[in-house]
Amino acid sequence: MTILAQFTISSTRLLDAAGEAVAALPPFAQDPKELEALYRAMLLTRAFDTKAIALQRTGRLGTYASALGQEAIGVGVAAAMQPSDVLVPSYREHAAQLWRGVTLKELFLYWGGDERGNDFAVPHEDFPVCVPVGSHAPHAVGVALAFRLRGEKRAAVCVFGDGATSKGDVAEALNMAGVWKAPVVFIVNNNGWAISVPRAKQSAATTLAQKAIAAGIPAEQVDGNDVIAVRFVAERALEGARAGAGPALIEAVSYRLSDHTTADDASRYRDDKEVSAHWAQEPVARLRSYLVHQGLWNTAQEEALLQECSKRVEEAAASYLATPPRPAAAIFDHVYAELPRELAEQREAAIATAEGKP
Amino acid sequence: MTILAQFTISSTRLLDAAGEAVAALPPFAQDPKELEALYRAMLLTRAFDTKAIALQRTGRLGTYASALGQEAIGVGVAAAMQPSDVLVPSYREHAAQLWRGVTLKELFLYWGGDERGNDFAVPHEDFPVCVPVGSHAPHAVGVALAFRLRGEKRAAVCVFGDGATSKGDVAEALNMAGVWKAPVVFIVNNNGWAISVPRAKQSAATTLAQKAIAAGIPAEQVDGNDVIAVRFVAERALEGARAGAGPALIEAVSYRLSDHTTADDASRYRDDKEVSAHWAQEPVARLRSYLVHQGLWNTAQEEALLQECSKRVEEAAASYLATPPRPAAAIFDHVYAELPRELAEQREAAIATAEGKP
Amino acid sequence: MSEVSLVKAINLALRRAMTEDPRVVLLGEDVGVNGGVFRATEGLFQDFGPDRVFDTPLAEAAIAGVSIGLAAQGFRPVSEIQFTGFAYTCIDQLLNHAGRMRARTCGRLTCPMVLRSPAGGGIHAIEHHSESPEAMFAHTPGIKVVIPSSPRRAYGLLLSAIRDPDPVVFLEPTRLYRAAHEEVEDDGNGISLDRCALLRPGRDVTLVSWGSMLTETLRAAEQLTKENIEAEVIDVAVLKPLDSDTILNSVAHTGRLVVVHEAPLTCGFGAEIAARVASRGITTLLAPIERVAGFDTMMPYPRTEGIYMPSVERVVAGAKRTMAFA
Amino acid sequence: MSEVSLVKAINLALRRAMTEDPRVVLLGEDVGVNGGVFRATEGLFQDFGPDRVFDTPLAEAAIAGVSIGLAAQGFRPVSEIQFTGFAYTCIDQLLNHAGRMRARTCGRLTCPMVLRSPAGGGIHAIEHHSESPEAMFAHTPGIKVVIPSSPRRAYGLLLSAIRDPDPVVFLEPTRLYRAAHEEVEDDGNGISLDRCALLRPGRDVTLVSWGSMLTETLRAAEQLTKENIEAEVIDVAVLKPLDSDTILNSVAHTGRLVVVHEAPLTCGFGAEIAARVASRGITTLLAPIERVAGFDTMMPYPRTEGIYMPSVERVVAGAKRTMAFA
Ligand SMILES: Cc1ncc(C[n+]2csc(CCOP(=O)(O)OP(=O)(O)O)c2C)c(N)n1
Ligand SMILES: Cc1ncc(C[n+]2csc(CCOP(=O)(O)OP(=O)(O)O)c2C)c(N)n1
Ligand SMILES: [Mg+2]
Ligand SMILES: [Mg+2]
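Chains as they are written, first to last, in our numbering: chain A, 1 to 358; chain B, 1 to 358; chain C, 1 to 326; chain D, 1 to 326.
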């Protein structure tokens, strides 16, 4: 027997659950402003989350997927990106979208069932969230390939969940990215559950990072509740990708503290004890403890920030609610660049019906 | 950084290219009859191959995929199977099919374009060859799951090529097999090429065995030109699967000595030198040398065997050529268990057209 | 006997089928402990155990492919694709394998499987959760396509689908899951898969539809009576194989046909029905064939979904156009 | 100017498009050094290099998905799916993404991509290599579907497809790749994607077809003249969006319609054409609409493929039935 290849999957954590540094922190973490920015972004996401659920419960928003407990993944990854990079997200990455410049109102519009929520002014090249699980992975490879072909120092970032790693699309995309050395970083938001299917029943793989071994792509795991660690490993992978080192995969391990969506009732399949145990790990309190211990944060600042966030969220929500739906004709506006004759007739019919004369 | 998991891919070879034993041979290899059976099966496959190509060249067979150089994979794997196991093969595994009991005539009928070539009397539960690359992998998992659910000590064997490992179906199937500990053994016939795409451009993975790491399935590589090694590792994996140890993947490394199919011209994309170099590795000569060195085989026996094989192949070919095509109505015979009214009308129309009165 | 919802009727049929035939197994995402996101499999994992009901990893193509393997081995897999918008990845397995396994092997291997999936819009769901791809499946040889329109029909049709020796795509109108209630007798009686159902007799115009659009179609029929137009309403129920005769016979006496469906107009199943009537029934037609269907756009996001969905008004208008025709 | 085969015309159009627009890139299995299994991309890798023409690993869904990413970034990917029987795994990407990217983002992101694939039977190919799924693509909003029937039309239609700002599924009749020869001027002129082509004028019956079936259809038209039946022949060419007017105008003066296609009858694109004529053109119809199509079976293996393929005789018989109708 000859040994042909060996692989190791390792994990990075810089802050422990109590917010104590357990390893040397990266340079950016020496800058209080940087840390405060990460903290503010996580809190804003949580405020959006709370409001979105409230709106849904009162029938003013559609089914909504909460990011509760996974804010560090979106924020850490987005903070590691350059504005010129492109994000290809799943439906649970509000945190990353907000950091990238998608507005709160656009997010409300999207979850409220209005296509204009995807028409971001900024970040203009980012993809809308992807609902068919894992099907966006090849898009990110295409985007990355475009960068490589144009010789641009940019990278694509594709985020998907633990369940998505079982999907053929993801495996095909990882393999193509590997063969073409495409500048794309895949982030697995492993929140432990795919609706009612726990991580253990999703795959017999010890880690989800090792999915990348099948594609010959470097992979690692990171504590997804440690925003400093997430940003650190994501930055490293992104710099490599932009510099031509090819793709990478990062499994960020966190936990879905909420139901899968507002349409789900996790108590049917998940033990509350498991949930409460994970509250001790959640990323916002963790970074706050660190900031407080470092004397970089106090209750007054916390109060002010909470107020600022809820104010911004309330304003955005009000503006969303005040936005009338698109007119009937709008559903034909962007089917094709130019409206074909047969569709023009259908458009007239739709308008007539809307006006009560079908 | 904490290390979470480590993986090793190793390779097995028992006979070297010259047919010298480079490691202790397994018990079955102590029995001359066993070795002779393996040798005879490889030679019969090669005889079939030669005849099939001749028939195609003279317009009496359809496009055909030669197994030249990969006979040890099919024979070694099939020899490791129990009759009660089920084979789910790709289109290049004539060797395995013949060992399993598919007749030469049935193979000619299939490649000649006649569905009756899939209606094996033996092995009655084996699948027909799969043409859409990789799409049969989940079928094998379903078959294996059926065995497990019924508590039967049987295993499914799924064979596919190096190119197939890039297909999402294969990744999804491996993952499900891993989660369900399904008794299935996946065999990658890595013949170095997927039509014109060389192994190196198919995946950045160092080995194809490591595709299984993504699914948490044990994997290894074997010298696919060493029929003794192939049977040895396949038997080990199959015994484990039947005993409840779950699935396994074996990458058998061989080489496609022929064009991809009779429709292909490999000289357009492949250097002849590469091909001739691989002739030094091919499995038939390798086992012959071993048998001869061991005094188990001589030229007289070789002569006799060659004649016996070509006689069997010629008889089967003649019987295939003497088989008239199915009547027009036959294309409606097995669309459904019962012919729906709308199809009954179409059937009448087909018969009328065939009789010249459309 | 009590009133049950359509999703409960599905649940009753699944329970009945599993009880009467040990070869019936259920698989899909969240069909186990969770009982399915719509509760179609509620209680079945608890009562039949992990060897009869199993959650799958998130991989629809493999769900279809594994079902093919199970079916070839003599099981009767009933797999759930959580939403039809995620069943497109199953088309390759259905078309290249399930639909032709019997023909390829001259009957040696068969595929008695059911692929269930909630379909259609009108529930203000997030994008990709309101698809109606029935015509794509109906274009696939060797497959049967069934769409129930009421709890009782869902119960009987699903039982027949599970007992059928060939692959069946069974599309359940999500909009009716809880909206439709009806007394359903859990008597194990299936409903034949070779006949359309006449839901309402009428002499003036034939309205043909299936699934949830029968709600609008029947309401339209009611409204039309106010104008002394008696509409006959047919529930296709089994799109493939199609019972053309029932439709042709109806058009033979009404002379007018309106087909109503939610899928985009172009190449929707309404086209097939119209084509058959335009061939066999043309002499009986007194007016142009009307199709009231979804537009050739994607299903809009919830805020404008209503613009897309064929409405009672559109059906009424379509019927009147055929009546107005001289 | 010399005669070229249809596959050579495709090759010329690809070369022309790549020369005029640096955003055009080709990807697919074996499209590089090998020039494609049918040689459609022959010489292009050698002349444009690995950054314009690249072989992909064996993964059709990802080929479509990667094309979407490239297109959203402003490239004009032209991807080849080696045979249409392997394009079913692309349907999810085309339907859930390519066809609606523009609508989902209100035009912010678009999908100017072409997915090319050899389609159809009659070449005695091994199973799964003779599929005709055009109707499935034509049922997909936001997609255009084009099928050429001759070298000249292949050249012009492909150029327009590549220049089109929206996703186009371009199905190339394998049977005509080498069989069809014609003088093709490599002048860079595209053929408009909003019109059907009238191939042959006639007063008695309208024969509508597309792709390779036009061979049988035109031959049938020839034979019919012997019986003094003058058939008008229309090449649909662009199935989506469909130019109904050309077809309706023809039927308006012939009064008779026969649609010919190779795909299975049920839910084939012929149904859509029949349905439109049965709605808008019914008053002009003098006879039932005939569909001469493949049967609702899988494409049989080569030995009995001929039973399945619509023949000249079947087209002639269909046309005569419409003429015989009084
Ligand atoms: C292809 C596909 N199948 C099924 C669904 C229904 N569904 C929505 S989310 C989900 C679970 C996804 O789990 P995971 O990938 O872990 O992401 P998470 O929701 O946990 O963030 C499922 C099954 C879907 N959206 N897409
Ligand atoms: C899904 C699919 N895509 C494309 C093809 C066309 N094709 C036939 S064989 C082949 C290469 C397969 O390579 P590999 O898996 O290595 O098997 P090999 O032929 O080398 O034994 C391709 C692309 C196919 N049959 N199925
Ligand atoms: Mg998850
Ligand atoms: Mg190969």
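These are calculated hints, taken from the structure and not from any lab test.
We put the CB at the ideal spot given by N, CA and C, even for glycine.
Any given hint might turn out to be false.
Derived SDA-like pairs (lysine to any residue); straight-line CA-CA distance at most 20 Å [stated by the list, open to error]:
hint	chain 1	residue 1	chain 2	residue 2
1	B	Lys-201	D	Leu-44
2	A	Lys-357	C	Arg-321
3	A	Lys-201	B	Lys-201
Anything over 10 Å on all C-beta distances counts as not near chain A; from chain B, calculated [what the hints assert, rightly or not]:
hint	residue
4	Ile-3
5	Arg-13
6	Gln-82
7	Ala-171
8	Lys-201
9	Gln-202
10	Ala-205
11	Ala-214
12	Gly-216
13	Gln-221
14	Glu-235
15	Asp-259
16	Asp-265
17	Pro-325
18	Arg-347
Enumerated hints in conflict with the structure, sorted upward: 3, 4, 5, 7, 8, 9, 10, 11, 12 and 13
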